[in-house]
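Protein chains in written order, with this note's numbering: chain L, 303 to 666; chain A, 7 to 328.
Heads up, none of these hints are tricks.
Straight-line C-alpha distance at most 20 Å; calculated DMTMM-like pairs for lysine to aspartate or glutamate: (1) A/Lys238 to A/Asp117; (2) L/Lys343 to L/Glu620; (3) A/Lys238 to L/Glu584; (4) A/Lys238 to L/Asp626.
Some chain L residues judged to face chain A by a derived CB distance under 8 Å, without partners named: (5) Ile334; (6) Ile384; (7) Arg438; (8) Val443; (9) Thr445; (10) Met448; (11) Ala455; (12) Tyr459; (13) Pro628; (14) Val634; (15) Ala637; (16) Asp647; (17) Met649.
Residues of chain A clear of chain L, computed beta-carbon distances all greater than 10 Å: (18) Ser66; (19) Pro140; (20) Ile151.
In case anyone wonders, no lab produced these hints; they're calculated from the structure. Remember, predicted model here, so these are calculated numbers, not experimental data. Built from N, CA and C at the ideal position, the CB exists for glycine as well.
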Amino acid sequence: MGKMPHWADIVLIPLISLLLAAVLSSLVILAIGENPIAAFKLMVDGALMRSAGWGYTLYYATNFMFTGLAVAVAFHARMFNIGGEGQAMLGGLGVAFACLYIPWPHWSIAILGASTAAALFGAFWALIPAYLQAKRGSHIVITTIMFNFIAAALLNYFLVNVLRPPRSMDPATAKFPEPTHLPSFQDMFSTAENPLFRGAPANVTFFIAVAACFLVWFLIWRTKLGYEIRAFGFSESGAKYAGISPVRITVIAMLISGALAGLMSVNTTMGESERLVLNSTEGAGFIGIAVALMGRSHPFGVFLAAILFGFLYQGGAELALWTDIPRELIVVIQALVILFTGALDNMVRMPLEKLFLALRKGDA
Amino acid sequence: MDFMTLLQLLDTTVRLATPLLLACLAGLYSERAGIFDIGLEGKMLAAAFFSAAFAYSTGSVWLGLLAGIGISLVLSAIHGLASITFRGNQLISGLAITMLAGGMTVLIAQDWFSQGGRTPQLEGAARFNPITLPFAEALRDVPFIGPLYYELISGHPILVYIALALVPITWWVLFRTRFGLRLRAVGENPASVDTAGVSVVTLRYSAVMICGVLCGLAGAYLATALQAGFVKDMTAGRGYIALAALIFAKWRPWYALWATLLFGLFQALELRPDLIESALGVKVQVQLLGALPYILTVVILAGFVGKAIPPRAGGEPYVKER
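Same shape as in the complex, but just chain L:
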């Protein structure tokens, strides 16, 4: 049946794509007169060899897990949700409203409330494109791109005109009240004699992200709804024959996707900055696409890819700090990963398939 063994499809192809991206990035580093091996070592040292480095890596990974899962769920229903960025911005607004206007007694209740708000706001922002796709046939990629820009304008309006404290020049909300501050890894794991994760932004939201990975896995592979989503993604006409409503699946898959993207802002807004700022998403919605492609839309793959990109982000920050390599190198690596795992997938796949066919012939 298959031209390749399953493991080659899910492990080998992403690894080769990653390798290609790494080789090209090394060439870029060489071209700007730096040493790629030294740069890589610096990235590993800065991101993985100290607990504070891990604290940053896991903080970024938390964002990418949420946005990666968001893209992955939509992928399963064969939709490309490019609007994670806008949905996360709306999620940020949800978190800000929840934290500023509701007097929470303790962070453990506040995080539940804020997460609910973030998920609802994010899902709401995905609802309109989903409805238009399902009912009016408007292409979801185009509408979600448009909604990213509309979200940016909306966020800008709310921060400048509504939520900004009086006499503040900064387009940001006031600091959230004390009871909503989430415990960071430093608060949780450090002891007086053994300080860990000092100053790092990783916080309790990381565990919610890990739980979300597990829940999405359960949803997609262990529930009726997940089965319907996959069936719809596999063949729309087949799903229709089986009595699965395309409108229902499109809308539900996008609502879940938007909610996951929105949850990202719990980590950035409530966990890190403790107020809503203009650029709280920092492009994580787009990195989610790279993460989902790299992780082959499987929650465990997304988990690993998110940590990889978290490492790249923290490592890239270290590079920008200690060398002349700007942070934008990470954007280039990310673009190459998306290019090779998403668009040029067949370029990697075709020769590999031939190789496996040749090997099999040799056996027979």
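Knowing the structure of chain L, use the given hints to seat chain A on it.
For chain A alone, kept in the frame of chain L given last:
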């Protein structure tokens, strides 16, 4: 609002609409041939940087323009390779190209000029300077027509006139030539073109390359005519506004002109919010003006006001029957 203010506003509109128009026409060729291109933004950005960098180092804006078109063609070739040859996902490819351009331009700019991801200011022959059309000075004092001609029609860089000329040319190429008929057919039903013995691959590659040239013009205009040099992320979403305009224009050249002029007007008003306030008597949020092109496009896409129907084979790689 007096006559001169109105003329100034329209003049700004034309200047801001030009890059949108060029990118919109670029997308028109590509999408009419069945290749979605959400990488317009990236190609413009790369072209903006290379045109500014080469114009600065050679002192000639024309060499800069060539460099801009060159890099845009390279990115188009990648898009073609991914979406035509390897039949990959065109949307993902476009996104990757935009990101690649966003990162690479800053990396290279930092390496070459060390000015925080920008090029030095361009001056003199390294820029497209405004050209005064014939009789503009002489007619200036004629009431109404004089200022209209002098302020609005004359005095733009040459790329503005090229962009405007490209509208009828595109219409003619697409609707009055054999190449145009085939190009449109390959976006609607590639199998029929293939049956007629015309190469789908060649047609689609040529459309993608034309798209590259036009994005090159758009990017060069941004960095060497509208502004004097490249700054990080200077396209600022214009590629996506052009994409919106393309849908708004229902993939037609003349509509593309009106759509981009409308969106250009929104951008011009965003710079002068006081004008709307004095004209309409209500205060309009600048954020709303910025988001208006996107909101209008969603409304059009939703089919509540006319229906925008994309080329039928758009986004689908063509697999020859075996």
